[in-house]
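Quick note on this note's numbering: the sequence shown kicks off at 626 and runs consecutively.
What the hints contain is simulated information worked out from the structure, not anything from laboratory work. Fair warning: this is a prediction, and the values are worked out from it, not measured in the lab. We treat Cβ as the ideally placed atom computed from N, Cα and C, and that holds for glycine. Mixed in with the good hints there might be a few duds.
[Said to hold, decoys possible] No more than 30 Å apart at the CA atoms, straight line, and that leaves these computed lysine-lysine pairs for DSBU-like:
id: 1; residue 1: 670; residue 2: 739
id: 2; residue 1: 683; residue 2: 670
id: 3; residue 1: 759; residue 2: 748
[What the hints assert, rightly or not] Label-pair distances were calculated between CB atoms; the ranges are:
id: 4; residue 1: 632; residue 2: 674; range: 30 to 36 Å
id: 5; residue 1: 763; residue 2: 646; range: 18 to 24 Å
id: 6; residue 1: 627; residue 2: 781; range: 48 to 54 Å
id: 7; residue 1: 774; residue 2: 751; range: 33 to 39 Å
id: 8; residue 1: 672; residue 2: 774; range: 28 to 34 Å
id: 9; residue 1: 704; residue 2: 744; range: 28 to 34 Å
id: 10; residue 1: 642; residue 2: 663; range: 32 to 38 Å
id: 11; residue 1: 663; residue 2: 707; range: 36 to 42 Å
id: 12; residue 1: 629; residue 2: 723; range: 27 to 33 Å
id: 13; residue 1: 655; residue 2: 700; range: 19 to 25 Å
id: 14; residue 1: 672; residue 2: 766; range: 22 to 28 Å
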Amino acid sequence: MNQSFIEKLKKVSIFEAIKEDPSALDQFAGMMELRHVPRGQAIIKEGDEGDEMFILFKGTVEVCKNTLAKDLYTVVKLSAEQNAFFGELAMIDNDRRSATVVASTECDVLVINKQHFLELGNKNSKIGLLITRKISEILGQRLRRANQDMVTLYEALVGEIEEST
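Go ahead and model the full structure; you've got the sequences and the hints to work with.
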């Protein structure tokens, strides 16, 4: 099974910097757990504490947020074919989950525990740095996109207010 994990890791953007390093890939594959998730089950719940990152190995999930009325709305759908991952922020901080992720289909996920990730980084700081750097890059892109979304919403709100006065 390790070889199929390694083949998956090579396709996931977080592992781009080590995809040509068989030893690094083998180390990551060795610390991952394969977990089956039935359709409809939450993998992550918004507001919960978490210390695991997930790579979608098989299936489709929906990333959802709570509305003010505590209803879930789907932000994005992710599939294994997209080499999707989620929960990566748990590798960086100890905060609560920012979204709920629900299995839309039967899913298999590769799970990376934060403690194992930190131990690997302590043993091989180069691998730890490369992966942490990529996670930071992805988070930076998401922050820029969120900032742009806020500007768009603000401009729309100002436009609505100006039209109503």
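Against the structure, the hints come out as follows:
Taking the CA atoms of residue 670 and residue 739, the gap is about 17 Å. The hint holds against a cut of 30 Å. Taking the CA atoms of residue 683 and residue 670, the gap is near 20 Å; set against the 30 Å cutoff, the hint holds. About 19 Å separates the Cα atoms of residue 759 and residue 748, which keeps this hinted pair within 30 Å; it holds. Here the CB-CB span from residue 632 to residue 674 is close to 32 Å, well matched to the stated 30 to 36 Å.
Take residue 763 and residue 646: their Cβ atoms lie about 20 Å apart, and the range 18 to 24 Å holds. At about 50 Å, the CB distance of residue 627 to residue 781 agrees with the hint of 48 to 54 Å. Here the CB-CB span from residue 774 to residue 751 is close to 35 Å, well matched to the stated 33 to 39 Å. Distance hint for residue 672 and residue 774: a CB-CB separation of about 21 Å, inconsistent with the stated range 28 to 34 Å.
Residue 704 and residue 744 have their C-beta atoms about 31 Å apart, which keeps the hinted 28 to 34 Å range intact. In this structure the supplied range 32 to 38 Å holds for residue 642 paired with residue 663, their Cβ-Cβ distance being about 34 Å. The hint said 36 to 42 Å for the Cβ distance between residue 663 and residue 707, and at roughly 21 Å that hint is violated. Against the hinted window of 27 to 33 Å, the Cβ-Cβ separation of residue 629 and residue 723 comes to about 30 Å, which satisfies the hint.
Residue 655 and residue 700 have their C-beta atoms about 33 Å apart, which leaves the hinted 19 to 25 Å range violated. Taken as a hint, the range 22 to 28 Å holds for the pair residue 672 and residue 766, whose Cβ atoms sit roughly 24 Å apart.
In terms of the numbered hints stated before, the structure departs from hints 8, 11 and 13, listed from lowest to highest.
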